[in-house]
Structure formats: structure tokens, C-alpha cells
Amino acid sequence: MSTASAKSFYEDKAVILEGLYNYWEELGKNNSFFRKLARLHTWVGSTDHKRIGILYLISMLTFFAVGVSLGFTIRLEWFYPGEQFINARVYNSVFTLHGIIMIFLFVIPGIPAIFGNFFLPIVIGAADVSFPRLNLASWYMFMTGAFLAAISLFVGSTGDGSLTFVAPDGGWTFYAPYSLQSNSNVGLAVFAAFILGFSSIFTGLNFITTIHRMRVEGMGWYDMPLFVWGLYATSWIQVLATPVIGITLALIGIERLFGVGIFDAAMGGDPVLYQHMFWIYSHPAVYVMVIPGMGVVSEIIAVFSQRTIFGYKSMVFSMMGIAFVGYFVWAHHMFTSGMTETSMIVFSFLTFFVAVPTAVKVFNWLATLYKGSIQLDPPMIWALSFVFLFSIGGFTGLALGMINIDIAVHDTLYVVGHFHYTMFGGGAVSLFAGLHYWYPKMFGRMYNFFYAYVGWALFFVGFNTLYGSMLVAGIMGMPRRYHDYLPEFTTIHQIGTVGSVIMIFGLIIVFGNLFISLFSGKKAEDNPWMGKTLEWDQASTPPVLFNFKKQPRINHGPYDYEGEWV
Amino acid sequence: MSSIATANEVNNQDHLEEEEEDFHFDHNHTDYEGAKLGVWLFLFTELVLFGAMFLALFVYTTGEYGAEFHEAGKSLKVMMGAGNTLVLLTSSLTMVYAITALQKGSKYLTLLWLGLTIALALAFMVVKYFEWTGKFKHHIYPAHLSFMEAKYGPSDLSKVWDKEFKDSGTTLKEFNHVPVTAAGVEMSPEEVKALPEGDYPHHRYTKGQVVFFGMYFAMTGLHGFHVIIGVLLLLWMVFEVAKGTVTSENYGYVENVGLYWHLVDLIWIYLFPLFYLVA
Amino acid sequence: MSHDHEHEHHVIGYGSHTLVYIGLLFLTGLTVAAAGVDLSWAVNLTLAMIIATAKAGLVLTYFMHLKYEKPYLQAFILGVILFMFIVFCLTFVDYASRV
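In order, the protein sequences belong to chains S, L and F.
For the first sequence, the positions run 15 to 580 when my numbering is used.
For the second sequence, the positions run 11 to 289 when my numbering is used.
For the third sequence, the positions run 4 to 102 when my numbering is used.
One thing to keep in mind: the hints can contain errors.
What the hints assert, rightly or not - Under the rule of at most 27 angstroms between Cα atoms (straight-line distance), these lysine-lysine pairs were calculated in the DSS-like manner:
no., chain 1, residue 1, chain 2, residue 2
1, F, LYS73, S, LYS327
2, F, LYS70, L, LYS46
3, F, LYS73, L, LYS114
These are computed hints drawn from the structure, not numbers from a lab.
Kindly produce the complete structure, drawing on both the sequences and the hints.
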């Protein structure tokens, strides 16, 4: 080994275990199996941030499909009251897994894992992230956690020797004491979540260091695109909040194994303490889901209005502000848990503050549109949908922040509607927007606009039908996490299920279009949207290994649609 | 489909048409400051990880279990805890000595100080081993029947036996080893309390004490786990320094391992008073 | 991209380290002694925490080199401590207001 500490990834093909790769390549000269193995190695063994981004894309969309199927199972079961085709025990596992998969395997990794990985280095003019091997390790941890969560469905017995249904139940929140006592596979599931937490932490750590250290000459902090600021704010939340869930779930695991008595009231523990520790992470986590999306939407709105973003600095500070204030509002998830009135008042008060920076962003996006040269291409349609749907989510969130309203609708479908508007209509929709925005750059082809619009329209109608019906049902009194319901809720649930069918049909068209266009789409130019950030301006389509052939030069700001260095 | 412009029309005006240099990026320089920033960020996650446990500890210490924590804390030996504190503080000193030695270029001194750090870390684990086994001897460990009592109530040992031990082959009599006087009569609680410190078979713990020991094992256990990881990292550094890949030119690795090691020390600085001195 | 071809090789001498170590030893002795003095548990606890924080401060500032690091790193550490402190306080809004 040379005196340079580790062989710089820049000098090889950006794979780990390069010796092994060479071995496959050598054997592959005469054997097609080893040729394929070598090719596989350049994907799953690659430290190149772009390949890692694509690995995340494929795995996460797969998990999303599984999560959607689980959600659809719930909707089908709810078409009529009473048991339709799954019993209550199975139903409990279905909504638990729907939550675990959607949250930990889709929305939290979300935009940072896919587009942060693929584009952060390009957008700041770097060759890769600060720690490329750690980046690949993050993806390995992600897949390990996913695998463990998957096998928690099947592995294990119920203790008396019989192998019955053991999938975790009780909700993705794993509240004590049920999670301590349930003889489902909670232990395996919390261990999976623990590993996924570390995947998230290392990604955040990597991005913070990259943004601090690897910006190209001439790009100061206030010259960065808002997408980068979004990733920066999100990464800090990932670094500072995720360890709390890590240790909380680890303690649940330790208590199940060793019976220590930290959260178990029978042994002297405090279950409300579990809730505090759980939500100290899980509330900031929702901002991990949304802030990157806000960054992406800022990019798209600027490009598709061909106007500079209104109020760049207030956009920066509002994203950092949401991240900051978001740490201090967690107990609004606990208004009915039995904590004191004083703390309810304090947390309700703090919760209102987080709406302020969010509103600043909405107003700034609208101001950006004003007098812009607006092109309603698919990325823009999705970005505008984000603004609309996330605003509804935000308003319902404000309502929930009020103690009196929350006590009435806590654990009803109103809450479920609220968080689907924010996490799905906010987090996931912004991911779809990013996908339609960056697709030509990532894959070198353009998708079909007609099917993109059709898919979007069906999605939008179905989404609002489904989750709007939940808001109504919640106010009517329909509880969440219930297998059965009273007959008076039948109509509203049927409306919701019809909405879900339309929505899923729309999703199939959207993703079908994107998938088919990989093979039959028209070849895309370098800058089809006339964007001004580095990935459009100075990187090829798709980008080469190490991103740039020529040294990127910063001649203008990221939103400079009106001249040089405005 | 209105917005697709041809790339060349739009983009080329923005480029100054001077000779474009090839993309230059770091080839063999590791980013010293970046690596250090990365390690600090990781330390922040560790701080928050232990911080959450400290939060739980504080909640219980200052809450309903204040008196019982005080009582349970008496069973921890202050001198062993203080001794371990000195061990870790000294190991932090030898760690920074190692960095100074490396920066000054003396390889053998560096190896000496690193070796001493490892030795002190192992000494810490040895003391911890004695502490823990001491607790086990007094039947203080999670899931022990004494702890089960807090869950099932002091007079309900038969219920505990039924649920937890029946299938293990232990007889009810063995399980139920309540201390008896020389005359074979069961001792009263006061007599049990008056027994000298030693290996008497049965002691009853209250809920507060159960939580105390639960937190004690969880936190010192997690800390000990981090000490072991630290030892492995230090061994790796010994290896690299001896081999000559880490020198006074690229001492960043040792510095960063040192940062991790100081964090382990930092956590103990808070653990010590909260568990050992709370009595 | 900042190339630190010559990052400051800031070497702290053995003597300086040893002084910090003596300070840490002194504070450890102080905290053990203070635990022997029987004031109310709240005062004892607060005192112990103050002394522990002083020790932590010495380790952070000198052993972990924070005094000589760039300002942004110092700001980060202070920010993290502040963040944890606020989370502690907010949790105690619940626990302290229980009867």
C-alpha cells in the first residue's frame, strides 16, 4: 500500500474491491456469465454518487410499490364494514407495515437519497461527495434494513413453538407498552429501523461535509441553488435527530430481550417517556421528508417561469428556520397521552411558529410566478401540485396544533388525511416533480408529455378524493387503525376507495410512461428546460464519470434569468 | 411540448470563450479538514445518542424515583467509579501525547503513548467487569427474579415462578430461597436488612431501584461497547503508525481517532456523578 | 474548493496537555468531595453537573483542539449543546409540571 492513505477513488473505475472486479473482467473475456457479473459489480460496488442515486431510485420505487399495495389492501378491506378478506390481526400488520415501509424506506430517504446523491456534487461543481465509500455503505445499510424488515414478516414463532403470523403490529410508532409485550416480530423490526437510521445519518453527514468542502471556486454560500440549501438543512436534521430514534428503538429491543424496565410501567418505567423520545426524532423527521422537496420545487418554479426566485435569502432562512423550529414542537403528537396541561400549552404555542417560515415560502413561490414566462410542462404541474397539496396539509396541521381540535380528532382519520397531504402530497409529489424535471438529464431521453399529463390528472383527482374523504371521515368520528367500522361511515369509505383506485391508476400511467420512455423516448438535449444551474449548464446528458470534462465556471447565479450576476 | 429549446442556442452565450481547462479535482490529497468535519459530525450523533439516554436518566432521577435512586446508588462503589474516571482521563492524556509525538515525528514515542492508551482502556474494561460481576453476584441483573418481583409484587413469587421459571427445571423451593434463621424460621424484613453485606440469596427491589439498575446496565453497557470500539480503532492506529502509512505528514487519522476517544471520556465524565455520586 | 496544502500544523506541547490533565484531576477530586457534603439533592446534583461541565469544557477546548479550530466548528458544537439543552428543558416542561 502506498503512502497515500487509501487509493483515491478518482483513479479507478470508482468501484470498491477493484481487485475482485478485475478478476471478473478477466474471466469475462471468455465467459458471458462473468461479463455480466463484472457489469453488476460496477453497479452494486460503485462509489460513484450517480450510480448510488440510481440504486436508491430502483430500490425505493420498489418499496413504494409494495407500500401502495399495502395501502390499497386497507382500502379494499374498508369497502364494506366487517371483515372482507383479512382478519383483524392481519389488518393490524398491514397498516403497521404500510407505515414502516412508506416512512423508513421511501419518504425519509426520499429526495436526498435519489436526487441529492445524483445531483448534489454536480450542482456544486464537484466530482463526487466527500466520502464516496461511506455513501455506498449507506446504501448497503439501507438494503440491509429493508431486508430485515421484510423477513420480520415471516421469520420467527410465537414462543409456544407454533409458527403463526408474526408480522409486527401495533403501528409504525411502536408505542410502549404494547411493543414490549407483543409477541410479533417487533424486535427484528426495530433492529431494522435502527440500521436504517444509521444509513440516514451517514448520508446527512456526507452531504454536510460535501457542501462545506467541495463547492467549486466562485460559488459562495449565497450562490448555491436552493436545492442545495434544502439538502443542507435536511442533513442537519438527519444528523441531530436520528440518533434519538436509534437509541429509543434500541432500548425497546433491550427491554424485550432483557426486561430492564425503562418504559414498562409494571416495572416502574414511564411509557410517556417513550413517546417523548420517539417524537423528538419523528417530528423533525417529517421535515426531512419535506424540506428537500421545497428545494426542488424552488428550482422547478424558477426554471419554468424563467424568472429568478423571489427573495432568495428569505427562502434560505425559511428552510433553515423550519428545520430549527421543527425540533421543538414534538409533543403536539402527545396531547392526549396524559402529559400535563402546561406542556400542552407550551407545545401548541411553539407549533404555530413553524407555519410562519412555511408560509414565507409559499408566498415567495407565488411571487416568483408573477409576470413569469410560465411553461406548464410536467415538472411544473407536479411542482404546483406540491404547493397546493402541501398547503392543505399545512392548514390541517395548524388545526391539529390547536389543543381543543386535536383532542377531538386525535387518532381519527383526520390526522391520517393531514399527514398524507403533507407526506404524500408534499414529500412524494415533490419527488415525482424532481423525477420529471431531472429525467432527461439522468437518462438521456425525454418521456411522453401526453401520458405524463393524463397520469398526473388521474393522480390528482384520485388523491384529493381519497384523502379529502379521510379528512371528512375523521371529523365524522372515524378512528384510525381500526379494522372494522360503524355502518354510517360506509359511504365515505367507498368514496375514498374509489379515489384510491383512480389515484393508483394514475400512478401506473405516470410510472409506466417514465419506464417505457427509458427505451423508446426521444433522445434529450443537454438543457431542455433552459435551466441555469450547473447540471443543465455544464454537465453532459447523462453526466460522465466524475461529472465534468471541463472545469465548471461560475459566470452567473443559479437563477440568473435577467442578466449576469444580478 | 412547447418549452424544449435546443441546448446550443441557449447555453453557449453564457460561456466565456477562453480556453477551457480540463476538470481538475483532488487526486491524492485527502481532505484533512473535511475528514475532521466528518468525524465531528459523527461525534454530534454520538452526543445526541447518549444525550437521549441522559434525558431519560434525568427524568427518573429528578422525578418520582429520587429517593430510590439515592438508595440504589449506594450499592455502587464510588472508589471503583472514581478510579475508572482517573483511568479514562489518563488515557485521554496519553492520547493527546500520542498526537504530539506523531506531529513531532517520533514514531516510537507515538506507539508508546498509543499502547498506553489501549492498556488504560483495557484496564477500564477490567474494572467494569468486576463491577458488573459484583452486581450479578448480588442477583442484580435484568430479568432476575428480584426484578421480577417489582413487576409481580413482593408476595407473589409463586406467580413469578409459574410464568418465568416453571419450565426451566428449577423447583419452587430452590426458587423461593428466602433467608432463614438458624432455627429454620423465615427471617423478617428487618432481619434481612440487618444481614451483613455479602452473598445473601434474596433481596427485594422496588420499582425505582429496578429502573435505576436498568438504566445503569443500559448506559454503562453502551458506553463499554464504545470503549471496545475505541480499542479496536486504537489498535488500527498502532498498526498504521508502525507500518509508516500514518506519519507526521498525514496525522489526521490519529487525530480523528483521538477525537472519538475523547468523546468516550466525555460521556464517562457525566456518567460517573450521575450514577456513583447520586447517593 | 479549498486546498489546505498547508493547514496549520498546530502542535500543542506535552506541558500544556499536562496542565489540562492536572486541572481535570483536581475537578474530579472536587466532585467526589462535594458528593460527600450533604446538601439537598437538588443542590448536590446541580453542583455535580457544573463540575462535570467544567471538565467537559476542558476536554473539548484543549484535548479535542476546539480552541484552535475554525469558528464554524466551534459554532457547531455550541449549537448542538444549545439544541440538546432546549430539548431537555422542553421535556421537563412536562415532567416538572406534574404533581
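Find the hints from earlier in the document that the structure breaks and name them by number, from lowest to highest.
Per hint list: zero violations.
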